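K.L.:
Listed below, chain by chain, are the residues.
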Amino acid sequence: MSTHRIKVTVNGAAHDAEVESRLLLVHLLRENLRLTGTHIGCDTTHCGACTVLLDGTPVKSCTVLAVQADGREVMTVEGLEKDGKLDPIQEGFWEEHGLQCGYCTPGMMMTSFALLKTNANPSEGDIRQAISGNLCRCTGYVNIVKSVQSAAAKARG
Amino acid sequence: MAPQTTFEVGGMGHSIKRKEDPRFIRGKGNYVDDIQLPGMLHMDIVRSPYAHAKILAIRTEKALKVPGVLAVITGATLEKYKLHWMPTLMSDTQMVLPTDRVMYQAQEVAAVIATDRYTAADGVAAVEVDYEPLPVVIDPFKALEPGAPVLRTDKPGKKDNHIFHWEVGDRKATEKAAAEADVVVRQNMYIPRIHVASIETCGCIADFDRARGKLTVYMTTQAPHAIRTVFALVAGHVGLSEEKIRIVSPDIGGGFGGKVPVYPGYVIAVAASVVIGKPIKWVEDRMENLQADSFARDYHMDVELSAKKDGTMTGLRIKTLADHGYADAAANPSKFPAGLFSICTGSYDIPNAFCEVDGVYTNKPPGGIAYRCSFRVTEAVHAIERITDRLAQELKMDPAALRMKNFIAPEKFPYKSALGWEYDSGNYPAALRKAMDMIGYEALRKEQAEKRKRGELMGIGISSFTEIVGAGPSKHFDILGIKMFDSCEIRIHPTGKAIARFGTKSQGQGHETTYAQIIAEELGIPAAHVEIEEGDTDTAPYGLGTYASRSTPTAGAAGAMAARKIREKAKKIAAYLLEVSEADLVWETGKFFVKGAPQKSKTIQEIAFAAYTNHPQGMEAGLEAVNYYDPPNLTFPFGSYICVVDIDRGTGEIKIRRFVAVDDCGNIINPMIVDGQIHGGLSMGMAPALLEEISYDENGNIQGGSFMDYLVPTSMETPNWETGKTVTPSPHHPFGAKGVGESATVGAPPAIVNAAVDALSHLGVTHIEIPMTPQKVWAILKEKGVAE
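Residue numbers (this note's numbering), protein chains in the order written: chain A, 4 to 160; chain R, 4 to 791.
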């Protein structure tokens, strides 16, 4: 198995890593960098628990090879809080009860965070469409929609 | 009920924000796969491609040559330690690893231990197994036919595939009621095999410390204490003693019943760690989870309801064939092989009832566990709520009016059902009336009539369910002999803060918040200052765990009772501090004051401090208590759900336009969390009604073994659930609560089916089997000549 030297910026910090070509980005994050907030929920790219941002775009990190992230910027759930202040999306999920077991939550928040960067005032339909690739078994999505709406309102000020 | 405490104290009835969320929203939860131990090895599993086959050979040489592969464990390895079979919770047996035969597709065949998970997978690919396929038994009806291949040849003298027969009620009286009835409706219903598919799969890290002789297992379990005892009983003969076993259930990414059983993977990991002396991590992938873990449902029901022509129900008979796969590995209380299926008379005052269930072996994964449901209640509710609509259709009565006519009247509680349950409390007409008002029932019926004239397909469906949860009273309820109590231990610290530990284990239900609120209510210590712990068997008191909506009815009750014990001692200390007799003291949230002199008082915080610094001579220091709560009865939450659907004549798609859920779970701890539970439960009720099914082809190949084919609802199919409440407290529960986690999963499916059938009833449609996929519905539309 060949290995590759890659440079990846994760949540603003530069990392060098020697990785097997087959190593998945999610395993680079979880096992090599010990950023375990990004979860794994399936093996067919359906559940979205592993969603992270790659150069600002949500990707399912179980279907991205670590080498594909070479020279790029990754943002994970651990990067949402800035200087001890929660991101509005985190506050929204907490205040509107947008999570229960917490397992899909990091992926769900990353997808929603990316949505709000391109659409500051999303409709319920926009939100449902955006998170349609993120499965949640606990909440029935009702409060996730409210969480994203609440975050959007807060971010707009 | 208006809250009795301030929002700052956060007792019962306050929607305080969840205490567990700050770690989850930061990505700092601690799930099993997040744990890394020094020197930890990884395990992966070789699985059978056949549903039934003889194993001729397992060759491990190539796997062992893969750099980083350290061991391959087979049934032969485990047989040396007599660990190749294990008991199930239903006193059946199942293989840990096979020595000669596989019984279902995806069954564990061997396990590879390696330095990392990629290498373990390489090792799995390199293990060679020779199989000789055997005849496959998939259809449970054919499994019972004479001449069917006998699957459990491991059982001496076993000559068929029958597991158990269970019956309850009065057969003769029910037959007589049918014979004398004006109308009898009868319907076959199949409740398909489905899977809980929690977003976190199952897994563990088994860590045997040779120097201390102690086994620690971090595992995805809803019932850590029971698991510890099972491990001690199963592996006692190889030297594992219960005090040397510690089960830790860390954060759990959804359970829904799927994390109650002991799966072979756990046991293999434990055996491997004991033999190798290093921590072994095993985490299944999604396909393994869907294909090999315990399934739910798989009930073939024949339901018959008798009535007078005015709609009065007179008798209910249900005959069921239960497909259990190759082992009865359900997780029911011991005395209830069909769980609490006998709640099937539902919300109605039916004088005669009889039901019987036969369990059957087939070449499918073992199980019969719950899917967010208290032991087969979903199947029972589907039967009664569907057949009630069949009766309404037969009699041309409005389904709401028929229900109102047959409801157990509010003044009849406590009510003894024909099948032996004592319903604690209920007000069924109030819940249905409220749901009808919320959705605008009468206006919807008018709209439907108009739409029918235009050829549009719109239906309204009702489900007025009664749940049975909170197992259970020790007289009848045990698992492997262990009574189904639950527990709480509270310690009040000198500064008036508290820690409380429980025998249950949250998987998303929010126990760290709701349990703190119970203690806040009872003692007046703010919920913010009550730390809740569960899931570590070395520290928490023994309990049977979280499933069957039992946490609030049992452990929650234990929390209140333990807090009341603390209040008793606090009263003695307060009397000492205030120099009055106990009889002169009055409790008001958070403090005792002297009767007639409210300015003379001691807060719980002052009393706590005194318990460690200035306690009465002769009294034990400290302020703590433990309670093991044995509920006097089960609790019976209920509700009425109304669903409105529109059916697309071009695609057969059923679109849920509105869904109103009125629930009554007694007194509510945290309204926000209760609504969240109901939203989630409704979604898991909609899932099997419209989307989810695991089926098998004639060779036993699983259909629906990945998220490609097993359709868990997304945000697109899930409607915006509307909720409402009525409150009828449980008379026997310490704070009048009933439990709520599963009501919606149980109550929702028949509301959706009834709505779909209602949309097509004018075409002569009387029943649709679940899941009501567009393909299935479109075929009906085509047959009836209305497909576009």
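Worth flagging that the hints you see were computed from the coordinates, not collected in a lab. Please note that the accuracy of each hint is not assured.
[As the list claims (entries may be wrong)] In the DSSO-like style, the derived pairs of lysine-lysine whose C-alpha atoms are separated by at most 30 Å in a straight line are:
# : chain 1 : residue 1 : chain 2 : residue 2
1 : A       : K120      : R       : K20
2 : R       : K500      : A       : K149
3 : R       : K500      : A       : K88
4 : R       : K20       : A       : K85
5 : A       : K88       : R       : K31
6 : A       : K149      : A       : K85
Given the structure is predicted, the values throughout are model-derived calculations rather than measurements.
K.L.:
All hints are to be evaluated individually against the structure, with a verdict given for each.
P.N.:
Comparing the hints with the structure gives:
1. As the CA atoms of K120 (chain A) and K20 (chain R) are separated by approximately 26 Å, the hinted pair is consistent with the 30 Å bound.
2. For the hint linking K500 (chain R) to K149 (chain A), the alpha-carbon distance of about 34 Å lies beyond 30 Å, and the restraint is violated.
3. Between K500 (chain R) and K88 (chain A), the direct Cα distance comes to roughly 27 Å. Compliance with the 30 Å bound is thereby established for this hinted pair.
4. Between K20 (chain R) and K85 (chain A), the direct Cα distance comes to roughly 22 Å. Compliance with the 30 Å bound is thereby established for this hinted pair.
5. Note on K88 (chain A) and K31 (chain R): the hinted pairing holds, with a Cα-Cα distance of about 15 Å set against a maximum of 30 Å.
6. Between K149 (chain A) and K85 (chain A) the alpha-carbon distance is near 23 Å, which keeps this suggested pair within the 30 Å criterion.
Violation of the numbered hints given earlier is confined to hint 2; every other hint is satisfied by the structure.
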